[in-house]
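Trainee: Sequence:
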Amino acid sequence: MVKNAMEPSWEAQFESNSYGFRPGRSIHDAITQCWILLAGHRQRPWILDADLKSAFDQISHNHVLDTIGQMPGRELVKQWLAAGYVEAEMFHATESGAPQGGVISPLILNIALHGLQQHLGQRFGYVRYADDLVVCARSREDIEAVRKTIEEWLKPRGLALHPEKTRIVHINDGFNFLGFFIRRYKGKCLIKPQKEKVLGFLAGLSLWLDEHKQIAAENVISHFNPILRGWSNNYCHVVSKQVFSYVTSRIFKMLWKWCMRRHPKKGKDWVRRKYFASHYNVKWTFHASRGERTFYLYNVAYVPIDRHIKVKGAASPDDPQLQEYWRLRREPRAARRKRTTKTPPPQVESDARAV
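For the sequence shown, my numbering assigns the number 219 to the initial residue and increments by one for each residue that follows.
Any given hint could turn out to be false.
Stated by the list, open to error - Capping the alpha-carbon separation at 30 Å, the derived lysine-lysine pairs in DSSO-like fashion look like this:
id, residue 1, residue 2
1, LYS471, LYS484
2, LYS484, LYS413
3, LYS383, LYS404
4, LYS528, LYS406
5, LYS373, LYS383
6, LYS373, LYS431
These are calculated hints, taken from the structure and not from any lab test. Please read all numbers here as calculations on a predicted model, not as lab measurements.
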């Protein structure tokens with residue numbers, strides 16, 4: 219209740235390029251803003267890719283309480299901040315930081331970091347998602363100077379940049395941000411799924427299959443499909459078609475291996491007929507039947523690229539004058555969730571044949 223009372227007031231104040239833990243603002247808004255700052259031949263190619271060190275554990279209680287002022291619920295916030303925690307039957311006092319897992323903690327972090335965009339001014343490009351932030355500058359000297367500026371600004375808040383996770387890069391070399399890889403290629407800024415995240419995603423699916431060697435095929439599909447759908451929806455707003463095809467090929471190979479291992483005395487043709495069928499003109503679609511129903515594996519290579527439209531400026535869902543804007547903004551998202559695609563890429567079948 220306290221969070222719901224505080225949030226609309228702060229949402230009216232929060233800066234336009236702050237995105238994490240805010241209603242109506244997503245990772246995709248932050249990523250799109252990065253593209254806006256770095257697209258084409260924009261003249262701020264030097265990047266400070268920064269992460270805060272133990273942000274939720276280090277927030278200054280005094281700074282938060284001074285910032286929120288004499289609002290209703292202030293004493294409750296003060297008590298939550300100082301409530302402490304019990305570990306191994308021992309009580310530990312908390313002199314800094316926000317409650318771990320507390321529903322109000324993300325709002326407290328955003329309050330603590332409010333004002334950094336204004337402090338940096340128009341000279342620098344700025345994007346923040348929770349405790350991850352990107353700052354763009356014209357020269358390496360400028361970006362080194364702004365790093366010191368940010369470090370000084372964070373000190374009264376009890377916060378600091380993480381020395382091992384903060385680095386200075388040129389956009390031509392690229393950097394990872396929020397699970398995406400951002401790089402300029404010959405003057406064109408492209409955003410792709412982060413390689414490590416893609417490989418980790420595939421490793422997780424492969425491990426699950428290894429741990430479920432005897433599970434029914436329809437259970438594999440029921441487990442995989444929501445995961446594949448959610449993963450592809452996360453990356454369908456950027457340059458992902460090549461990655462989607464690669465993931466499709468890798469999933470086919472791991473499923474083929476899983477099928478052959480289940481039936482070591484059967485031939486490949488028998489395994490193909492039992493586990494793979496034609497679906498939307500793709501002959502090698504993993505499937506399973508239960509009674510009269512047939513289940514097909516969700517194929518991420520079907521998913522089209524759908525460019526995300528960034529939230530407008532500092533627009534808040536709580537602004538009564540923007541109700542129509544937010545209504546229209548939500549409609550396409552609902553439509554995308556219901557969208558089904560029917561035209562598979564041609565390389566899916568050839569990838570299967572190669573195995």
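Trainee: Determine for every hint whether it applies to the structure shown.
Mentor: Evaluation of the provided hints:
no.	hint	in the structure
1	LYS471 x LYS484	holds (18 Å)
2	LYS484 x LYS413	violated (36 Å)
3	LYS383 x LYS404	holds (27 Å)
4	LYS528 x LYS406	holds (19 Å)
5	LYS373 x LYS383	holds (18 Å)
6	LYS373 x LYS431	violated (53 Å)
Comparing the model with each earlier hint shows violations of hints 2 and 6; every other hint is respected.
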